[in-house]
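Chemist: Residues per chain, in single letters:
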Amino acid sequence: MDILSQEIAIIVVGSAFLLFVAVGMIVLFLIYQKRQLKFLLEKKELSNQFQHELLKTRLEAQEEAMSRLGSELHDNIGQLLGSAKLLVGVAERSGASPEQFHVLDDTISKAIQELRALSKSLNTEWLEKFNWIDNLRTEANRLMATKEVTITLLHPSLINLSLDRQLILFRIAQEALQNGIKHGKASHITVQAEQNESALTISIADNGKGFDVNDHSIEGVGVTNIRHRVKLLGGQVSWQSGPAGTHLFINLPL
Amino acid sequence: MTTFQFFLHNFSEPFCYGICFLLTLLHTRSDKHPKWRALVAYYFIATLLMWKAGYSYPNLTLYNLLCLLSSIGIGTYFYYTFISTIKRRIVIVYVIVQSAYYLTDVFRADPPKVFDSMGFVILSVGVVLMSFLFMHQILTNVTEEPLSWNFDFWFVSSQLFYHLGSFFVFLTYGYLTRKLQSSNDYSIENRMYLSQLWLGHNVLLFLSALFIGGSMLWIFFRKKLPSSL
Numbered sequence: 000m001d002i003l004s005q006e007i008a009i010i011v012v013g014s015a016f017l018l019f020v021a022v023g024m025i026v027l028f029l030i031y032q033k034r035q036l037k038f039l040l041e042k043k044e045l046s047n048q049f050q051h052e053l054l055k056t057r058l059e060a061q062e063e064a065m066s067r068l069g070s071e072l073h074d075n076i077g078q079l080l081g082s083a084k085l086l087v088g089v090a091e092r093s094g095a096s097p098e099q100f101h102v103l104d105d106t107i108s109k110a111i112q113e114l115r116a117l118s119k120s121l122n123t124e125w126l127e128k129f130n131w132i133d134n135l136r137t138e139a140n141r142l143m144a145t146k147e148v149t150i151t152l153l154h155p156s157l158i159n160l161s162l163d164r165q166l167i168l169f170r171i172a173q174e175a176l177q178n179g180i181k182h183g184k185a186s187h188i189t190v191q192a193e194q195n196e197s198a199l200t201i202s203i204a205d206n207g208k209g210f211d212v213n214d215h216s217i218e219g220v221g222v223t224n225i226r227h228r229v230k231l232l233g234g235q236v237s238w239q240s241g242p243a244g245t246h247l248f249i250n251l252p253l
Numbered sequence: 000m001t002t003f004q005f006f007l008h009n010f011s012e013p014f015c016y017g018i019c020f021l022l023t024l025l026h027t028r029s030d031k032h033p034k035w036r037a038l039v040a041y042y043f044i045a046t047l048l049m050w051k052a053g054y055s056y057p058n059l060t061l062y063n064l065l066c067l068l069s070s071i072g073i074g075t076y077f078y079y080t081f082i083s084t085i086k087r088r089i090v091i092v093y094v095i096v097q098s099a100y101y102l103t104d105v106f107r108a109d110p111p112k113v114f115d116s117m118g119f120v121i122l123s124v125g126v127v128l129m130s131f132l133f134m135h136q137i138l139t140n141v142t143e144e145p146l147s148w149n150f151d152f153w154f155v156s157s158q159l160f161y162h163l164g165s166f167f168v169f170l171t172y173g174y175l176t177r178k179l180q181s182s183n184d185y186s187i188e189n190r191m192y193l194s195q196l197w198l199g200h201n202v203l204l205f206l207s208a209l210f211i212g213g214s215m216l217w218i219f220f221r222k223k224l225p226s227s228l
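Chains as they are written, first to last, in numbering that gives the first Met the number 0: chain X, 0 to 253; chain B, 0 to 228.
Honestly, I wouldn't trust all of these hints.
[Unchecked claim] Listed next, the in silico DSS-like pairs over lysine-lysine satisfying Cα-Cα at most 27 Å (straight line):
#	chain 1	residue 1	chain 2	residue 2
1	X	Lys55	X	Lys43
2	B	Lys31	X	Lys37
3	X	Lys33	B	Lys112
4	X	Lys43	B	Lys178
5	B	Lys222	X	Lys43
6	X	Lys42	B	Lys34
7	X	Lys33	B	Lys51
8	X	Lys208	X	Lys55
The set of hints was computed from the structure by calculation and includes no laboratory data.
Using the sequences and the hints, build the whole thing.
Modeler: This is the structure we're talking about:
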């Protein structure tokens, strides 16, 4: 019986070991799945934030377009129609010459042309046809019209990003340009975009007065917005700044 | 032998299968999936078989029948649980192998004289393999619901716990019985000594039933707390 008891002891030890393995595996599995679930929820949260940010960005862009429309109507078309009305008044009172009619015709034609351009810009499909490069060029021209800043754009012919991501990237570039002009008092800004198969790199350099990148207390809403938006795009952002200006680097995975 | 010891040796198995039967029956009130119905039927027949085995001697045929029934019952459960066709085919192959082994055993001329270790080892290996396949399925299909709320996970864990823990008992019980029978000391006392090993297996069966019951209570109370995750 001694031999049998020895064998039974070995079986008990072996079974205890397998039990330990079984319990350990169940516990490890629970922990692993919990981590995986946490990762999944974080991913979902990030996706929700992305959608929220996209909606916000679209609304901001529409609001900006409406504001620009108001200015255009008042400053441009309103002025042209005012001139036309004046010319009609003059013609009514003193009889118009062929030249005056020609000027009147030109003024009304210009007003119509401006209206058409505005109507085109109001087209709701513009968001679906959004192009980062074209919009950045328009924004640069708008800023350069103030004669206070010159902007150089260096970019590939096409950006390999989805329209939604291009829209968010445009807001990032817009924010950076405004920061350079408003806070950095920059007179020249260079925006450079480079892409390869796996990443898109954006660099925005200005010759402004710079800021202390390590001092988070002076970090404004603009910088926070850029950080947040780059994170939503799954990229990385960094700043280098000194008395000679500020350099912003953005790296986005493609 | 006291009444309690008599109960432990002869009726702890139908008691454990009976608990599992009641628990799965209770679960079918909220989840009417065919896999749970299959388990209810399996546990019900297993309870009756083990009840009969408690009174009968020899009862080895009843145990062999339980082995076949377990492979079909648990196999049906896994078949319905698996999403992948390959995993389902593995279950079918396993049940065919187990059934084929049982049939060769049935058509043997002599009735079984010792515990059929091989049949139960095939059962244990099959269930452990299917449990791993289930875990793989969970890892590749992560849902937002915490795993601790998943009754399937706890049920499969209880099977893994029982079959992995009993593996060595199944593997050696037939061999030890044969060894004891061939020795000159095949007394009641020595047979009782060997049956202690089977009692250890019964404890594991009881713990796996508790595992299922505990997890049911856990899920029930966790789901009642709105803020718990």
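Chemist: Take the hints in turn and mark each one as holding or not.
Modeler: Against the structure, the hints come out as follows:
no., hint, verdict
1, X:Lys55 with X:Lys43, "18 Å, holds"
2, B:Lys31 with X:Lys37, "30 Å, violated"
3, X:Lys33 with B:Lys112, "49 Å, violated"
4, X:Lys43 with B:Lys178, "61 Å, violated"
5, B:Lys222 with X:Lys43, "22 Å, holds"
6, X:Lys42 with B:Lys34, "33 Å, violated"
7, X:Lys33 with B:Lys51, "44 Å, violated"
8, X:Lys208 with X:Lys55, "31 Å, violated"
Consistency with the previously given hints fails for numbers 2, 3, 4, 6, 7 and 8, ordered from lowest to highest.
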